[in-house]
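Participant: Sequence:
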Amino acid sequence: MENLREESPFEGSTFESLFQKGIVCAKKWGRGALGAVVLLAAAAPEIRSLKREHEWRRYTEDALSPHEKAETKALARKIAEIFGDEVNARIEQGDETAYFLRKEKREKARIVGFEESGLSNVARYMLTEDFMFFPKGWIDGEVDKIVYVDREEDLHELQSDGVLLGEVEDQIISSRPAMYIYQNPRYKDYIAKYPYLAVDDNTVFHELGHVNDWLHNEDLTIVERQRLLLETYGRMMSKDCYHDPAGKYYEDFIETVLYRAVSEYWAEICAAYFSDPHSFNAEHPHDFALVDAWVKKKDPSFDIFNKDRGAFDSQTGKLKEVWQKKFGRDPEGVLLKAE
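Those letters in the sequence shown? Residues 1 to 339, by the numbering used here.
Careful, some of the hints might be misleading.
Stated by the list, open to error - Derived DSS-like pairs: lysine-lysine, alpha-carbon spacing no greater than 25 angstroms straight-line:
| no. | residue 1 | residue 2 |
| --- | --- | --- |
| 1 | K103 | K296 |
| 2 | K51 | K78 |
| 3 | K108 | K297 |
| 4 | K193 | K320 |
| 5 | K296 | K69 |
| 6 | K69 | K239 |
| 7 | K136 | K325 |
| 8 | K105 | K136 |
| 9 | K136 | K296 |
| 10 | K307 | K103 |
| 11 | K239 | K136 |
| 12 | K325 | K78 |
| 13 | K297 | K145 |
| 14 | K193 | K73 |
| 15 | K108 | K239 |
| 16 | K307 | K297 |
By construction, these hints were calculated from the structure, which means they are not laboratory data.
The structure displayed is predicted, hence computed values, not measured ones.
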């Protein structure tokens with residue numbers, strides 16, 4: 001066995017490669033070597049996980065200042081008191097995932113299903129950064145794909161009276177989440193008449209809030225994740241908290257699943273911020289300030305009140321004058337075709 005280290009087939013190998021090389025080892029050193037290879041292959045995912053965690057913890061130790069290290073410990077104790085230790089574990093996992101994703105190239109989100117539904121122009125105007133509707137990095141680099149579903153056979157289990165229903169789903173293949181927008185089949189003609197409502201909708205804004213929360217936002221440090229969670233919790237529990245006109249959806253969870261309630265509250269105030277910022281700021285200035293502050297951490301130049309923000313007037317569906325001048329005028333003054 002003295003030459004095993006020198007000729008080791010293990011390091012950096014896939015399971016299949018390990019198994020094949022294990023056959024060679026078995027011929028050279030006997031069945032015991034094959035057994036060792038199989039055991040190592042079975043343990044490989046756990047070994048990789050431990051190596052990733054060790055690298056992330058070393059990075060966090062170096063990246064945080066002494067003050068931030070003390071703060072993150074204090075915040076972790078407070079989070080455990082309110083929500084339980086499992087939420088701290090989820091935040092750590094989110095921060096670890098974000099650390100490794102930041103090493104990769106930030107790709108544009110894949111837009112799926114909109115073209116098949118005749119909504120490719122709408123998706124282009126709302127879900128790309130060219131027209132400044134969302135802050136830079138709010139979509140690209142945060143979500144792997146946004147999928148629009150309007151086939152009735154895919155909607156039979158959905159119970160909703162709204163035009164759209166959405167969900168964010170963590171994926172195994174990609175570390176970035178996928179976002180799904182489901183069109184209620186009863187509103188098919190309505191969407192055909194007003195296609196911009198397929199994306200200029202609180203459902204879309206709500207789900208993108210989840211994509212940019214303390215678990216998924218790639219640009220936050222672990223202490224910032226803790227702060228955002230606790231600040232959102234503080235707003236939700238305040239007397240002047242945001243009241244969702246649709247019925248305070250998050251309240252359904254306050255008595256049973258407190259953490260879920262806070263997650264939904266954050267998504268709801270994000271939706272209000274993007275859908276009607278003037279009214280939201282006037283009626284709930286503290287919640288507005290919370291979202292605006294964290295949005296500007298991602299995109300300091302973003303101005304939710306910029307009159308040129310977004311490609312079209314959500315009331316008419318017509319392109320704004322500034323974009324008509326830039327891209328050319330459609331004869332009907334409506335959405336232009338993608339180039």
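Participant: Now, for every hint given, state plainly whether the structure supports it.
Facilitator: So, going through the hints one by one against the coordinates:
| no. | hint | verdict |
| --- | --- | --- |
| 1 | K103 - K296 | 22 angstroms, holds |
| 2 | K51 - K78 | 29 angstroms, violated |
| 3 | K108 - K297 | 20 angstroms, holds |
| 4 | K193 - K320 | 19 angstroms, holds |
| 5 | K296 - K69 | 24 angstroms, holds |
| 6 | K69 - K239 | 32 angstroms, violated |
| 7 | K136 - K325 | 23 angstroms, holds |
| 8 | K105 - K136 | 15 angstroms, holds |
| 9 | K136 - K296 | 10 angstroms, holds |
| 10 | K307 - K103 | 35 angstroms, violated |
| 11 | K239 - K136 | 33 angstroms, violated |
| 12 | K325 - K78 | 53 angstroms, violated |
| 13 | K297 - K145 | 23 angstroms, holds |
| 14 | K193 - K73 | 53 angstroms, violated |
| 15 | K108 - K239 | 40 angstroms, violated |
| 16 | K307 - K297 | 21 angstroms, holds |
Figure legend: structure checked against the earlier numbered hints; hints not met, in rising order: 2, 6, 10, 11, 12, 14, 15.
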